[in-house]
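The whole structure should be built from the sequences, with the hints applied where relevant.
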Amino acid sequence: MSHDDDHGNGSELSEMTLRVRALETILTEKGYVNPSVLDLIVETYEKKIGPHNGAKVVAKAWSDPEFKSALLADATKAANTLGYSVGDHLVAVENTPTLHNMVVCTLCSCYPSDLLGLPPVWYKSAPYRSRAVKDPRGVLKELGVSVPSGTHIRVWDSTAETRFLVLPMRPAGTDGWDEERLASLVTRDSMIGTGLAKAPEQGSP
Amino acid sequence: MNGIHDMGGMDGFGKVEPEANEPVFHAPWEGRVIAIMRAMGRIGAWNLDMFRDARERQPAAFYLTASYYKSWERSIETLLLSQGLASNDELEVGRSLDSAKPLNRPALTAQDVAYAIRRGSYGRPASAAALFKVGDQVRSKNLNPTSHTRLPRYARGRIGTIEIVHGYQVFPDSSALGVGDNPQWLYTVVFGGRELWGTDADPAISVSIDAFEPYLEAA
Chain A
1 MSHDDDHGNG SELSEMTLRV RALETILTEK GYVNPSVLDL IVETYEKKIG PHNGAKVVAK
61 AWSDPEFKSA LLADATKAAN TLGYSVGDHL VAVENTPTLH NMVVCTLCSC YPSDLLGLPP
121 VWYKSAPYRS RAVKDPRGVL KELGVSVPSG THIRVWDSTA ETRFLVLPMR PAGTDGWDEE
181 RLASLVTRDS MIGTGLAKAP EQGSP
Chain B
1 MNGIHDMGGM DGFGKVEPEA NEPVFHAPWE GRVIAIMRAM GRIGAWNLDM FRDARERQPA
61 AFYLTASYYK SWERSIETLL LSQGLASNDE LEVGRSLDSA KPLNRPALTA QDVAYAIRRG
121 SYGRPASAAA LFKVGDQVRS KNLNPTSHTR LPRYARGRIG TIEIVHGYQV FPDSSALGVG
181 DNPQWLYTVV FGGRELWGTD ADPAISVSID AFEPYLEAA
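Chains as they are written, first to last, in our numbering: chain A, 1 to 205; chain B, 1 to 219.
Calculated from the structure, these hints are not laboratory results. Here a beta-carbon is modelled for each residue, glycine too, at the ideal position from N, C-alpha and C. One or more of the hints may lead you astray.
As the list claims (entries may be wrong) - Computed list of lysine-lysine pairs in BS3-like fashion (alpha-carbon distance at most 27 Å, straight line):
id: 1; chain 1: A; residue 1: LYS124; chain 2: B; residue 2: LYS101
id: 2; chain 1: B; residue 1: LYS133; chain 2: A; residue 2: LYS141
id: 3; chain 1: B; residue 1: LYS15; chain 2: A; residue 2: LYS68
id: 4; chain 1: B; residue 1: LYS15; chain 2: A; residue 2: LYS198
What the hints assert, rightly or not - Computed beta-carbon distance windows for the label pairs:
id: 5; chain 1: A; residue 1: GLU94; chain 2: B; residue 2: PRO125; range: 45 to 51 Å
id: 6; chain 1: B; residue 1: PRO203; chain 2: A; residue 2: ASP64; range: 33 to 39 Å
id: 7; chain 1: B; residue 1: ASN2; chain 2: A; residue 2: GLY150; range: 46 to 52 Å
id: 8; chain 1: A; residue 1: LYS47; chain 2: B; residue 2: GLU163; range: 18 to 24 Å
id: 9; chain 1: B; residue 1: ASN2; chain 2: A; residue 2: GLU46; range: 34 to 40 Å
Claimed, not checked - Calculated from the model, a selection of chain A residues having no Cβ within reach of chain B, i.e. all distances over 10 Å:
id: 10; residue: PRO97
id: 11; residue: TRP122
id: 12; residue: GLU180
What follows is the structure, encoded as structure tokens:
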């Protein structure tokens, strides 16, 4: 897929680079934006928010039954007790041996960014958005995720301002692990429901 | 509107192709686009639903071929023009030629960054009782407005069950038109796979949407 990227040798800027630079100049001259604040917003997206935050929330839920109940009751409130700044209307949905949850936004790109960072390109792409609601089992199979045929698949289409975070199943063989070690097993995709948590041998020692 | 953005259930788009070690942004300009979008939204240049509406109105061929942030950049330009915040001449020459139209709030400062990034709050105090409760059977209406809506085509005219009552929230169909919040009750409605996709479909799947009360009727 094209990202309208700069592929030049430095002597030529892409059309998009020029266009966005023009936009930023106009808005700065009008006093609507401050470029140094835009820098900070970009930096926050690049460095501060990301799936490592969601992984800590999941690891805590795996370790602390009270926190897990609180998370399933009101995910925004529970996540914010850990020091995050999660917006309203976050809902955590729990995977079990008989139920696999999977999140999509068929209309665009709604995603629990507060805890997972910005969505990957595939999540926003036509193939995922079109097929996740009609053939979720096929999509999972294609992504190499095996969900047993008896497991019911529940797809959550994010059509309003509610955001959904999948609470994946805790892998077997992790008894006694601390939260930090457990968090190393929690992938971004496992919190979207397009993956599973990693096996113990794939985690940090 | 029945636009190309409403993709649920379509065939023919090919495989889902994850990119290994995908960066947050694929080029620096992408980061500038999202930062501008957030910063302008937070000072009242537009609301999220107006932004979505602007993107959904892009010609289908452009929507399908432009990258995500290219499409966003075009949406920002559209809104700047429609809101009278910049002119075509200014976009052409890449600088401000006219005085700025005042917005609700001044430009964001470094202290506002967390606020700019955190999702907004769409809950509003309820001024009416909810028509439905958890467990109720409902039918989604067959609505085809030519303006913005969050009721996807694949889930129109279908019978489902109320699973969550989320509360009273800003109604995107109104908010996108810039006519105020017009809050409505919001529900998670779950549909069986066969209700949506017919008798040949996988019986062991279900799909939910979040539906505002005006999208629903008792079944």
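Of the numbered hints stated previously, which ones are contradicted by the structure, given in increasing order?
-> Failing hints, ascending: 1, 2, 3, 5, 7, 8, 11.
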